[in-house]
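K.L.:
Position 51 of the sequence shown, counting from 1, maps to 51 under UniProt numbering, and the rest follow consecutively.
I should point out that these hints are in silico values taken from the structure, not numbers from a laboratory.
Among these hints, one or two may not hold up.
No more than 35 Å apart at the CA atoms, straight line, and that leaves these computed lysine-lysine pairs for DSBU-like [what the hints assert, rightly or not]: (1) Lys31 / Lys95; (2) Lys31 / Lys159; (3) Lys137 / Lys31; (4) Lys95 / Lys137; (5) Lys26 / Lys159; (6) Lys159 / Lys95; (7) Lys137 / Lys26.
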Amino acid sequence: MESTDPAPPAPEGIRLFIDADACPVKQEAYKVALRHLVPVIVVANAPIAVPRDPLVHRAVVPAGPDAADDFIAARARRGDVVVTADIPLAARCVKAGADVIAPSGRPFTPDSIGMALATRNLFEDLRSQGAVTGGPKPFSPRERSAFLSALDLAIVRLKRAGLLPAPAP
């Protein structure tokens with residue numbers, strides 16, 4: 001299903017948001033979420049292929065530097081899991097009570113997000129001064145495995161806390 005509308009938040013329940021434009025673990029996220037019957041909202045600024053499944057919803061947002069981030073942050077709440085490598089988005093979602101996991105499997109928590117933001121800002125400053133060049137290292141099978149474990153653990157923990165998957169979007 002596809003939407004360009006800023007739909008209201010879904011009823012209480014577990015949902016998975018994927019910041020999809022540069023996410024290397026979309027297929028893994030679908031696999032884990034669908035096994036747990038958790039609805040998935042894939043957010044991108046251009047149409048992308050998603051599984052044909054009633055639990056998977058594609059939200060196409062206008063092009064812009066923060067449109068996908070704003071869409072996710074406006075909807076993220078306790079009971080949601082957000083997959084993103086974007087640390088400022090992660091901070092907004094953690095503040096809203098969502099569980100946030102990087103594609104590497106690293107969880108962002110209220111205790112760790114401040115340091116993650118500070119490190120990101122430091123490296124951004126160093127890059128702007130030319131002190132740091134090059135991009136991130138290639139994505140590894142170990143990171144893919146860590147992501148699968150972290151996502152499964154987050155969903156199981158939410159279920160044990162009494163939350164059920166939200167209705168399909």
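K.L.:
Please go over all the hints and tell whether each is borne out by the structure.
P.N.:
Do the hints match the structure? See the list:
1. The suggested pairing of Lys31 with Lys95 holds, with an alpha-carbon distance near 27 Å, which does not exceed 35 Å.
2. In summary, the hint linking Lys31 to Lys159 is supported, as the alpha carbons are separated by about 17 Å, within the 35 Å threshold.
3. Only pairs whose Cα atoms come within 35 Å are accepted, and Lys137 paired with Lys31 is accepted, the gap being roughly 25 Å.
4. For the hint pairing Lys95 with Lys137, the CA-to-CA distance comes to about 29 Å; that is within 35 Å, so the pair holds.
5. With a CA separation close to 22 Å, the supplied pair Lys26 and Lys159 stays within the 35 Å bound.
6. For the given pair, Lys159 sits about 21 Å from Lys95 by alpha-carbon distance, which is consistent with the 35 Å threshold.
7. The hinted pair formed by Lys137 and Lys26 meets the criterion: a straight-line CA distance of about 19 Å does not exceed 35 Å.
The structure agrees with every numbered hint stated previously.
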